[in-house]
Amino acid sequence: MTIPLSLTDDHGTKRGSAETMVTLSVDGMEVSVPAGTSIMRAASEAKIKVPKLCATDMLDAFGSCRMCLVEIEGRPGTPASCTTPVAEGMKVKTQTERLKKLRKGVMELYISDHPLDCLTCAANGDCELQDMAGAVGLRDVRYDTVAEKGNHFAVRNNTGEHNPYYLPKDASNPYFDYDPSKCIVCSRCVRACEEVQGTFALTIAGRGWDSRVSAGASFDDFLSSECVSCGACVQACPTATLIEKSVVETGTPERSVVTTCAYCGVGCSFEAQMRGGELVRMVPYKDGQANRGHSCVKGRFAYGYAEHKDRILSPMIRDRIEEPWREVSWDEALSFAASRLKAVQEKKGRRSIGVITSSRCTNEETYLVQKLARAVFRNNNTDTCARVCHSPTGYGLGQTYGTSAGTQDFDSVEQADVVLVIGANPTDGHPVFASRLKKRLREGAKLIVVDPRRIDLVKTPHVKAAHHLPLRPGTNVAVVTAMAHVIVTENLQDQAYIDERCDTDAFADYVEFVKDPRHSPEAVEALTGVPAEELRAAARLYATGGNAAIYYGLGVTEHSQGSTTVIGIANLAMLTGNVGKEGAGVNPLRGQNNVQGSCDMGSFPHELPGYRHVKNTDVRQIFEQQWGVEIDPEPGLRIPNMFDAALDGSFGGLYCQGEDIVQSDPDTRHVVAALSAMDCVIVHDLFLNETSNYAHVFLPGSSFLEKDGTFTNAERRINPVRRVMAPKAGYADWEVTQMLANAMGANWTYGHPQEIMAEIAATTPSFANVTYDLLDKKGSVQWPCNETHPEGTPMMHVDGFVRGKGRFIRTDYVATEEKTGPRFPLLLTTGRILSQYNVGAQTRRTANTIWHDQDVLEIHPHDAENRGVREGDWVRLASRAGETTLRATITDRVSPGVVYTTFHHPDTQANVVTTDNSDWATNCPEYKVTAVQVAPSNGPSAWQDDYSDHSEASRRIIQAAE
Amino acid sequence: MQADKLVRMANQISLFMESKPSDDEALEGLAAHINDFWDPRMRQQFLVAMTADPDLPARDLVRRALPLIAVPGEDDGPHAPLSPVGSEPINPAHRD
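Residue numbers (this note's numbering), protein chains in the order written: chain A, 1 to 962; chain B, 1 to 96.
Be a bit skeptical, because a hint or two may be false.
As the list claims (entries may be wrong) - Covered by chain B, per the in silico footprint, the following chain A stretches (three or more residues, Cβ under 8 Å): (1) 603-615; (2) 635-642; (3) 808-815.
Since the hints were derived computationally from the structure, they do not count as laboratory data.
Positions of the beta carbon are idealized from the N, C-alpha and C atoms, including for glycine.
Make the full structure from the sequences, and use the hints.
This is the structure in structure tokens:
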């Protein structure tokens, strides 16, 4: 679509990247552009818009529509300006009598096969074909013969017979329509699917007059095809052929506000396109520095949860969790909550209550919640969902490099030669980054995948991993250490880099450790299941293939040795000199939109904002002066410790903002028992989530569309979040936290989130220069952003490591205590899927359920046959912690002995099965390894039935009297 | 908190620290990790349990690190809210 109100221009083609500049004249205007740039782009930069249909600057030039013809002095003919590169001294004319005539003729042909229903067309006012017909002055169409023969848009031809060329609208996709009758076959959608998304789901079927856009095979519609609904084709379409259903239903938007997606840690920038207070559509923002104009099905389309009828808009309280909820005023709810929390503290002591900050809320909101614990509750009992995902990243990278965040920006992948993906499934978990990665792989970069499953990246159109190491779950450390063993024993390390940048004693010790034959690929093969030769080849490629980048996810961290694997990964990158340069680095793919930010903001119980331990007096003093209270120097409880402490009676009150711990945390029975033992659980959320079944106070939350603030993505990029509509429940989340603090006796007076950011900047060195003005000016900045780096830091550790010298640390493999045996012979590992997001509270309330309406268990044919399990059967999945039932699907994506499922649906309750094993350093749960048994079953387990009855009972609401 | 769980967590930390090149480093590393990341009640409960039951399955390094683990003060910290008269004393050791 052209977006008349879009905040970015479409220059038709990309800008050349050469350093040499070329100067030419376009219609007498001098313009300088990099060599390799097209004439169309040069003209556009001189503010001259050459008419075009098949060109858009998200895609490579194609030269099919013949609208962008120009004349060049001294050259014959009328070349297409989109495919003709500029040359020094070139003199171009974009508007001559000859060009006008040619363009009008071409346009007349287009319009002869296009319905003239502009007034009732969904793209009215937002159609490039309409614009171009206007631009070339088309006033008449003479080709009646088209209608006689049968055009592409009339159901019947002139003689009343059925028109064989007519194809009906395909409305199978829940978010957009494909109307073939309006197609001009410019191939923009097909090229977007290939070049931008990298799925290759679309093609042009047929030739000449028969050419049609086709999703998948001839029998497919959009829904049944490989289409992943990223929206790139809809974005690219110049007509109403591919158009959002929301625009069809509502009409075109009237204004556009740039904001940041509230789903995964990629942190895509979007234009929220509005009409009045109604969100018409979300369109990826072309100047977004994380996503560069691309999106996935979640951010682009699955925002309907923000308006869902399940949203709770009134505060509610109850004395006991067995009672129904009572709707009350904000004042009553807050004073009830405050008095309960105070009562718990009086009875059980100062450290008996705590908070969980939300990785879905803004930095400003998270900062306030941890401040509530530290300055009002006067303890350090604050934690966040990073505990259960990337806390080992914080520890591991902190120990080795001195800072706990990814080293690169996403643009860096464009310069990678070798990409090592460990324990991450980017095409499902971080789809927009995956598209950028796949683009680089299609350009020739080599890929190594370390994953127990054959994830999509291993083999996908035009991408094939050079090496896939299908390791046994729980053996990451052995594999990573074996790779280091190969590098060191084959002398492939970058010794000059190590000598210059790393601690030499630590390196000498590490070499001593790692060259021991017990770490060789051959020695660990029996343990890891990875063929030694394949591992050796992968290690050689990583060490010698050029710029080598590591991207990893929760398959690394969510293990009993999660922190050790992160250290091992950091070692690998240092060994090969792959930190501190473009195209390389160590890049954790963070799960939630603001999980990086929530860690930065001091959500962890041992750290004040900026990753500074609470034991340090100088750090405490900064905040003590700012807040006017003394800060507890002792670390607080981590989430699993809070549960344990609740069960032994020393912890009784929790304020949980925007996180569903009952569904997301492991060993559900244990979590439920702990929450049930507490005196005051406050849930602050959009919906009555699973945790609220055990809560005494419910405070309605606000969606990302309803507040100002910032999210920090996996690249350390601080992205602005902008309010486009008023909070439906009356208050943004930061206001609610402030009201709760004040009800507890604080005297906070923040009037706007930028005042909170000012306080963050004043206390946290890596945020020192961050202001909303800077974000407005630059779009976004990557921390550290301070005096040394006034405009942020795209890449870390450039001239040396943050901690001084990089530190190698030994990584001995220790087998997890979660072992298979006769009772539980299979290993369960968990993950997520493209269309759903984490606990599903958001995506389950959108049409995304069409792709994934229940969690299913992936099981290898061999294991399925042994157990008499057939495709689609109900199976019982049991571990030492508990059991659940779900349907099975039989696939060789998983190895024999391994089963896999997602945890998006509360009625599956995959976490009933996971255990309370955790990472040795951070207590990050070991979600990725659970010993289980699978057996055929008749239907839901007793636990699932009880749970669903209990859920229903817990969600009863007595409406407030009018 | 259950003693066996605390011991298991300490043993896990110990397994990492035992790979350190020197025993001193391992010992200090283990104690520092517990001091930096365990809330005072966890350390208190752990120390009490370890003293009370010498048969707990703790690794040797864990036992040797016990003297280095910071004992939380009697006071519940600076400016603890005053407990109402007659309320339970705050002593984690007295909980089950």
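Item to complete: Hint by hint, work out which the structure violates, then give me just those numbers in ascending order.
Response: none
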